[in-house]
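**Q** Below are the chains, spelled out letter by letter.
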Amino acid sequence: MRRWLAAATLVLGVAGVASAAIDTYQFRDQAERERYQQLTKELRCPKCQNQDIADSNAPIAADLRREIFRMLGEGQSNQQIVDFMVDRYGDFVRYKPALSGRTWLLWFGPGLLLAGGFVVLAIIVRRRRVTAVQGTDQLSADERERLAKLLEKERTHD
Amino acid sequence: MKRWIMVVPLAVFLLVAVFLYKGLFLKPEELPSAMIGKPFPVFSLASSQGDRTLTQADLQGRPALVNVWATWCSSCKVEHPYLNQLAQQGVVIYGVNYKDDNAAAQKWLAEFHNPYQLDIRDEEGTLGLDLGVYGAPETFLIDAEGVIRYKHVGVVDATVWREQLAPLYQGLVDEARP
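Chains as they are written, first to last, in the working numbering: chain A, 1 to 158; chain B, 159 to 336.
Just chain B, same shape as in the assembly (with noise of 0.2 Å):
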């Protein structure tokens, strides 16, 4: 018998942990978003306060966040006191309100504090649809030309501020800035 083939078991045993192991980490539901790098979709929706309507070139100009949420959602609730931190902080959010009863939003926009620059209403969902949506709350970062950096799914808490969406923001900010 040859001496090697009594190492191949354990060969195989550890290639396959390696694997597993990295799979413990893995997040599947967390889709990578097929819309980094491409501008903001085109859109034409009034503001939530019904004042305006609203266009892609409103979030032009300056590096912000783009924050899909909605009063069905209960994790938007969860993250609706940072987002509140945030924007006191001079963070520019836009609020998109994805599939929602236009009044319970108001209501909850009263209620909680709006820290939203621009309410758009994506009453039909259809802007949401055409950034990639599949389950609010999702935070979009755009820079200020209005291209889409990068997406960040579920709950934004300051850990995520910190580690994930701080260090692009400010590099965008920064950029922005000659």
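Bound-form chain A, shown alone (with noise of 0.2 Å):
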């Protein structure tokens, strides 16, 4: 049983692998390695969209991948590197777009929506709030000639 389970931890373990891109890149120090990382973690693949370069096993993300490593190893900002990106790809490769005109909603929207809703909310508990206070538990003369008898009626019956 044990045998079998490390053989099938094996196999997909092996499987995991074989599905990762992987690039065999020599950083210079663990720093420059992290912004590699962090880099194609934020930037997204042109053609297998949904996919940041990191993790897509396209020619293209491939190709982006060896370019960052190229502009990092001349010394180039992380601001450069995707300023480069944005200049040939747009505002598309970034899953983190700046904050401009055309983005502010996508930023925002969220929480405005948030807010809103908790504004709603507001307005509904201080409404039922009112009411209450202003007192529809006391019943109109009518509603209490029923009531008594109702409860008359009830008292009848047992």
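Rather than coming from a laboratory, the hints here were simulated on the basis of the structure.
Among the hints, erroneous ones may be present.
[Said to hold, decoys possible] Only pairs whose alpha carbons sit at most 30 Å apart, straight line, appear in this in silico DSSO-like list of lysine-lysine:
(1) B:K160 / A:K47
(2) A:K47 / A:K96
(3) B:K196 / B:K235
(4) B:K196 / A:K41
(5) B:K235 / A:K41
(6) A:K96 / B:K180
(7) A:K96 / A:K149
(8) B:K235 / A:K96
(9) B:K196 / A:K149
(10) B:K185 / A:K41
(11) B:K235 / B:K185
Taking the hints as your guide, dock the two standalone chains into a single complex.
**A** As structure tokens, then:
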């Protein structure tokens, strides 16, 4: 049993490795490696959409990874590298779009919706409280009479 | 209960329906090019025939189509006959052979006829990268000054030419002719 488990784990492990996009790059230091990983996660593959370029096996993603590695080697900043990509592929390639007139709704839309939800909630709660205080629980003369009749009926039945 | 509240679900439904309907006709795989209005990128590459070095200056002077293609790209084969037809009609087309084996490219051009006035050999894909190419075939429209005016991703066929490229191309030709 244990042997089977080990074999299965091994197979799964190999399969996992085989499906990931692998490049072999030699980085100068850990910091550069981390910047590379961060950048390839932040940039989106233009061909296989909804994958970042770290994740994608498309040839274009491999080219862009190579380009990022080259630019890191040249000592360019993250901003320069992202600008380079945006110049060629547009804002689309950024998973974190820059804040601009066209993207503010993207950034603040969810917050605005949430705030709107709270406003509506507050209005509903307040309205309920007001009606409660104004006393719809106090019966009108008509209603009191009906209630008395009903109670009376109930008692006579018992 | 207030009357208007009854209309809210219908209004929400209609709003969502409008967005979803519009969504049916969106083509998210066609990215708007970031290169529109920018000059053609600077490059210096050999021609496919290897007889000369080409630069961006060689593409200036006349409005033209710049077609990015490769022998590994099956849609390129589909559009090739139509490009031949356009070239025969006198449309200026330059070819960028993108990330391809040059021998295979030369064989292709000999076999299927060469519609390109210039064959740029972009074996490493550097020009493709500068053009923001993410999949062949892509076709750029440049004006006489070499500024990119339009980009079509995918096969150029009679419909694409008639509805998208031809009016723009004709406009540029008229513009270039004083």
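**Q** Taking 30 Å as the top limit, are the C-alpha atoms of K47 of chain A and K96 of chain A close enough?
**A** Distance ~18 Å between K47 of chain A and K96 of chain A Cα, so the pair holds.
**Q** For the pair we were handed, K196 of chain B and K41 of chain A, check the Cα-Cα distance against 30 Å.
**A** It holds: about 28 Å lies between the C-alpha atoms, which stays within 30 Å.
**Q** Within 30 Å, alpha carbon to alpha carbon, are K235 of chain B and K41 of chain A?
**A** violated, 34 Å
**Q** Take the C-alpha atoms of K160 of chain B and K47 of chain A, compute the straight-line distance between them, and say whether it is at most 30 Å.
**A** violated, 51 Å
**Q** Would the pair K235 of chain B and K185 of chain B pass a check requiring their Cα atoms to be no farther apart than 30 Å?
**A** Since the Cα atoms of K235 of chain B and K185 of chain B sit roughly 23 Å apart, the hinted pair holds (cutoff 30 Å).
**Q** Need the status of pair K235 of chain B, K96 of chain A: alpha-carbon distance at most 30 Å?
**A** violated, 37 Å
**Q** Are the Cα positions of K96 of chain A and K149 of chain A separated by 30 Å at most?
**A** With Cα atoms ~69 Å apart, K96 of chain A and K149 of chain A exceed 30 Å; violated.
**Q** Under the criterion that the straight-line Cα-Cα distance not exceed 30 Å, is the pair K196 of chain B, K149 of chain A satisfied?
**A** violated, 87 Å
**Q** Within 30 Å, alpha carbon to alpha carbon, are K185 of chain B and K41 of chain A?
**A** With Cα atoms ~24 Å apart, K185 of chain B and K41 of chain A stay inside 30 Å; holds.
**Q** Can the restraint linking K96 of chain A and K180 of chain B be considered satisfied, given a maximum Cα separation of 30 Å?
**A** Holds, because 25 Å separates the two Cα atoms, which is no more than 30 Å.
**Q** Does K235 of chain B lie within 30 Å of K196 of chain B when you go C-alpha to C-alpha?
**A** holds, 29 Å
Consistency note: the structure conflicts with the earlier hints numbered 1, 5, 7, 8 and 9.
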